[in-house]
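Residue numbers (our numbering), protein chains in the order written: chain A, 3 to 102; chain B, 1464 to 1852.
Hints are computed from structural coordinates only; laboratory data are not their basis. Ideal Cβ positions, reconstructed from N, Cα and C, are used throughout, including at glycine. Hints are supplied without guarantee of correctness; some may be wrong.
Short derived list, chain A residues pointing at chain B, Cβ under 10 Å [unchecked claim]:
#: 1; residue: P15
#: 2; residue: W19
#: 3; residue: R20
#: 4; residue: N49
#: 5; residue: E58
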Amino acid sequence: MSTAPSVLWQKNPALAWREIDEETVIISPNDSVMHELNDTGSFLWKNIDGKKSAAELAELLVASYEVTPDIALSDTQSLLEEMSSRKLVVPVPATGGELR
Amino acid sequence: MDRLISRTVQKHRPLSVHFDLTYRCNERCVHCYLDHDDHGEMTTAECLAVLEELAHAGTLFLTFSGGEIFLRPDLYEILAAARRLHFDINLKTNALLVTRERAARLREFRVRRVQISVYSDIPEVHDAITKVPGSLQRTLAAIPLLIEQGLQVKLACPLMQENLMAYRGVMALAEKLRVPYVLDLTITPMMDGSETSLAHRVSVSSLLPVLQDPALHACKPQPDSHLSSAPKAIPAVAGSAVSSGIESSAYEDLPCSAGHNSCYISPYGDVFPCVQLPQAAGNLRHKRFAEIWYHAPRLERLRAIRESHLPICSRCEIRSYCERCPGLALMEGGDLLGAYERACDLAEQKARLAGLADPVSALHQERAASSQTTTGNKIAALVTDFSPD
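Please construct the entire structure, taking both the sequences and the accompanying hints into account.
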């Protein structure tokens, strides 16, 4: 799975999730597994909207947290990779269509 | 999961909500605790407003139940709203009205689990409980339709006099369908407090074969859990299996989750700590959910209760075998903090099965002591009466 800075990301629409006190809890309905994101993970999750790439998400992180651009990009890509492997996020198809 | 439970209990976030959409039902189960007449159910708009408020308050696990939910003509509208708001959606139904098309709609709304009441694998037994001829056949016909859609199905079988020994059949049925099941030993009084439903309850001694059945102990679900560790500026996601949503050791010093991070909403908008604790904290037609949840005196009082406050149960030597329910303590014993006969009898039975010699609950110890004292006083009185001056 490519987490190249230019790929746009969206949340997997099948998921149930809730932000509770700045931490996000996500349930994947197919396997009933619960995932938890801390506040920075939640910050990124809120901003994953199908219109932003890893690079753009990292920029938002730099603007809100004390982190260098390099580390922000590297960590954002790592998180997207892990979330992608768990099918929590999916890349927006090249045609721009939404995943149903 | 424990961490989520701990922080939602600590901050009183309503993580899990049981929302009955209607009390109307197309079955008339002999043990049911509901009045099935419609006394003014919330409208579609009211239900949707409630969902908005719950999402805002932090509810994730949402169970729609009834009555029979498919009798709500606006069920899909409500489910669509729940999906839009990203709830983890679970349903409880008798599945009589489930068709292939309806099962597909449930999939569209990303319903995670559908719990279906099955009282026996024998039609005569099941149908005698539901009072609907052919109901088992219809319920069983619906299950594959739901499974085909990838929905998780769970069988629920409350045990009562009419079906006590049918549980093995339900277990076999679940195994054949490859779905989980739950056997429920609880038959509750009616919501209005009357005890007509209790006539169907099985005595604790009659439950012995069920409690002793090794097959049941072998089938307890063992959720696998794993945590990833990634020491980075943005720690990675942590994942763990979700079973019923809110079972956890994080409730250790609390009587239960009711009013701490879970609650029940009736079709009429009443907010209760739990479906088994019929003390309404407020009504959503008059107040917003957050106002009731965070400020209702009844909920505040409930939240202050700790296990150590229970005058009898806190000193019970077999408390670890007991599944005391505060709601049933109130309904059956008249005291939210009290002990009640059924729980004590069951705890003693379980402790005995676990190998304890002659276990006696604190309630029964107290009664025995009190009875001895009373008898002793009577004798003393007689002695006094007949003793010479």
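**Hints violated by the structure (numbers, ascending)** = 4 and 5
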